[in-house]
Amino acid sequence: MANEIAENVAGHGHGSWVAVADKLRILSAAARYDVSCASSGSSRGSPAGSLGNVVPGGICHSWAADGRCISLLKVLFTNFCVYDCAYCMNRRSNDIERAAFSPSELADLTISFYKRNYIEGLFLSSGIIKNPDYTMELLIRCVKLLRENHGFAGYIHLKAIPGADPDLIFQAGKLADRLSVNLELPSQQSLNLLAPDKSKASIFGPMQRIRDWSLEYNPPAGRQRLVSYSGITALTSSPARHQPATRPVFVPGGQSTQLIIGASPEDDRQILTLSESLYKKMQLKRVYYSAYVSYNHDSRLPDTQSPPLLREHRLYQADWLLRFYHFSVDELFENGPPLLDNDFDPKIMWALRHPEFFPVDVNRADFESLLRVPGLGMISARRIVQARRVGRLNIEDLAKLGVVMKRARYFLAAPGSDSGSLGLDPTRLRQRLLAVEPPVLKPKQLTFEDMTGFQPEIFKDAVMGQF
Amino acid sequence: MQIIRYDGSFYGLISALVPFLKQHRLPDAIERENERQPSLAVAEAEPQTTAVSVAGGNLHDAELFRIPGISRETWQNAWYAFLSEEKNIELRLARYLLLALEKRGTVDAYQTDERVRSIHRLARQVSVERHRFMGLLRFRSIGANLYYASISSDTFVLPVLAPFFVRRFAGQQWIIHDRRREVAAVYNLKTWTIIERKSADIPPDASEEIAAQHLWQCFFDSIAVRERLNLALQQKCIPKKYWHDLIEKPGR
Ligand code: SF4
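Each protein sequence line maps, in turn, to chains V and B. Plus 7 on top of the position in the first sequence (first one is 1) and you've got my numbering. Plus 1477 on top of the position in the second sequence (first one is 1) and you've got my numbering.
Heads up, a few of these hints could be off.
To be verified - Beta-carbon label-pair distances, calculated as ranges:
#: 1; chain 1: B; residue 1: Glu-1659; chain 2: V; residue 2: Phe-331; range: 41 to 47 Å
#: 2; chain 1: V; residue 1: Met-412; chain 2: B; residue 2: Ser-1492; range: 39 to 45 Å
#: 3; chain 1: B; residue 1: Arg-1549; chain 2: V; residue 2: Phe-374; range: 51 to 57 Å
#: 4; chain 1: V; residue 1: Gln-277; chain 2: B; residue 2: Glu-1659; range: 56 to 62 Å
#: 5; chain 1: V; residue 1: Gly-423; chain 2: B; residue 2: Arg-1549; range: 32 to 38 Å
#: 6; chain 1: V; residue 1: Asp-219; chain 2: B; residue 2: Asn-1665; range: 25 to 31 Å
#: 7; chain 1: V; residue 1: Glu-155; chain 2: B; residue 2: Ala-1709; range: 29 to 35 Å
#: 8; chain 1: B; residue 1: Lys-1717; chain 2: V; residue 2: Ser-335; range: 41 to 47 Å
#: 9; chain 1: V; residue 1: Met-412; chain 2: B; residue 2: Lys-1718; range: 27 to 33 Å
Bear in mind the hints are in silico, worked out from the structure with no lab data behind them. Beta carbons: idealized from backbone N, C-alpha and C, even for Gly.
With the hints as extra help, turn the sequences into a complete structure.
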């Protein structure tokens, strides 16, 4: 039956908008558990006559009822699937409503949303219809229509279908801003158990190739900077803003992957060790974590009532420390169990285990050390470094700089501060800090005090990353 | 008593201030001649070129802003803070710019000084709101390749918001209507400008537009993960004041 559908899909049939609405309802619902929807980390100018552009920091266009940012039209091309992964609602053995777009339908829908400023672009994933190559070809056909027929220069994130021919993955990478190959499960054993149709090789193979191609095609100078302020262009003419129209680049936004948390027994340290090596060895831009939501009753899976949201949140915080704060996984878990702390964010967890590092002297410590102080984010640390150039800072000055002292005061030394008198005894500190720690009921935005700072790319990434 | 009067534009304000700044002194008061002078607060730019001067007119005007000691960053802060339309923003800016001259280019490091802090805070407010509207602004199609959006912003973001859409939608004609200030940015495929516009006489939505809106609402509803419903967080991210001009309906 899937094959018959497949024949129809491949045609250029165009349903009425009511029919499209039905597909959209089914295929966006099917995509909603995929969390990697950030549109950040790429930038693309608009060649003359094209539609749209990509801004480096990404933009949120709305927020759904679950509080997560909507940036891209996130859909599956189809939720038909010939595979039977235990954790997935679209698996072959589930009896659910199925649908498939045609390439032109989806391309037109994307354009109609984009022109109205509903979205930054398209996030396209898919179940496997017929076979991996056939599926990849359909996705490519849709994206080709967008780029070539509609002159679309907005953001496109494509899923590289595991098992698809390398040539197809290459074509996809020439068209997309970002590619992702989802790992889903953090170890080979779990993969064998829960996703028997997928092999480690079918996942790491494409990842490696994508990495090598992007090294080959993206000259280092043209590679994305993480930091770029897109404020007004006052008094400047910045010719570097637009990239040349023809660019021999390959996924300028890099690649990402997703891990499902809580469907398999790996602990936090194992998961983060995997992420760390993906960042280093595969040069991934992002690893996304998705709290496992149980919709299949399957004896191989834990029967969780509610998704482990707090754990997901802590993992994102720790991941953040790896990417921006120069922490290593070994450092994070040194002197403690391989689990993140439920009560505190991982930075406080680390600080409590390393009293010898504190207090940090506000006027002397280097930037890196300031970053290790709980409560100090990028923005606060940068402000401190900037402000102390023109005079010594005392404790009141810190408040004026907008530094939130609630946590930081226990770890900082500045004229007028009393951090020394506490003796930094970890047990007492823990109690003190618990008193100021708000209960985590919902995904907070990371380092909230930094949110409105003048470093929009970090701020946006925090938002886009759905903290 | 020395009172400066200016025409309501940033350019006008700076032109009037410069003689004072050069003598290292401040006027006693600064008065706006009229509430707002959009025609002078406009950056007219060719699509695709980003050589937009701070407040207006053309590149020639940029000469005015070449004052040794006042860096580009400082001007940018001043321009953004000006758009906050905060009460007495003019005198605050004058104090900030005077301090900038004294500190010879390092003024923005004096973040513990109230004169600097308040300007930074206001500039940030404008920059954050601009960024919000980059995402939350909604166009509706009201004619052949013609789109309309209305906003009601706390700060006067239009002059810094419009260039973003010029770059993004260079091939569409569009109007962004600031209902609160009764002005609109209009882009005609070549240039954009800000005009006064009280109310919008927008034709009823055509069927294609209605379909697009339905599809968007449909996507918006079904993308939310029911197991993680969090309307409080949603509302924090899109404060209610912005709901009026959205197509989708949050809070459900
Ligand atoms: S291949 Fe993808 S869509 Fe198919 S069952 Fe596995 S996870 Fe689900």
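Hint check results:
{"no.": "1", "hint": "B:Glu-1659 - V:Phe-331: 41 to 47 Å", "in the structure": "holds, 44 Å"}
{"no.": "2", "hint": "V:Met-412 - B:Ser-1492: 39 to 45 Å", "in the structure": "holds, 43 Å"}
{"no.": "3", "hint": "B:Arg-1549 - V:Phe-374: 51 to 57 Å", "in the structure": "violated, 24 Å"}
{"no.": "4", "hint": "V:Gln-277 - B:Glu-1659: 56 to 62 Å", "in the structure": "holds, 60 Å"}
{"no.": "5", "hint": "V:Gly-423 - B:Arg-1549: 32 to 38 Å", "in the structure": "holds, 35 Å"}
{"no.": "6", "hint": "V:Asp-219 - B:Asn-1665: 25 to 31 Å", "in the structure": "violated, 47 Å"}
{"no.": "7", "hint": "V:Glu-155 - B:Ala-1709: 29 to 35 Å", "in the structure": "violated, 44 Å"}
{"no.": "8", "hint": "B:Lys-1717 - V:Ser-335: 41 to 47 Å", "in the structure": "holds, 43 Å"}
{"no.": "9", "hint": "V:Met-412 - B:Lys-1718: 27 to 33 Å", "in the structure": "holds, 31 Å"}
The earlier numbered hints that this structure contradicts are 3, 6 and 7.
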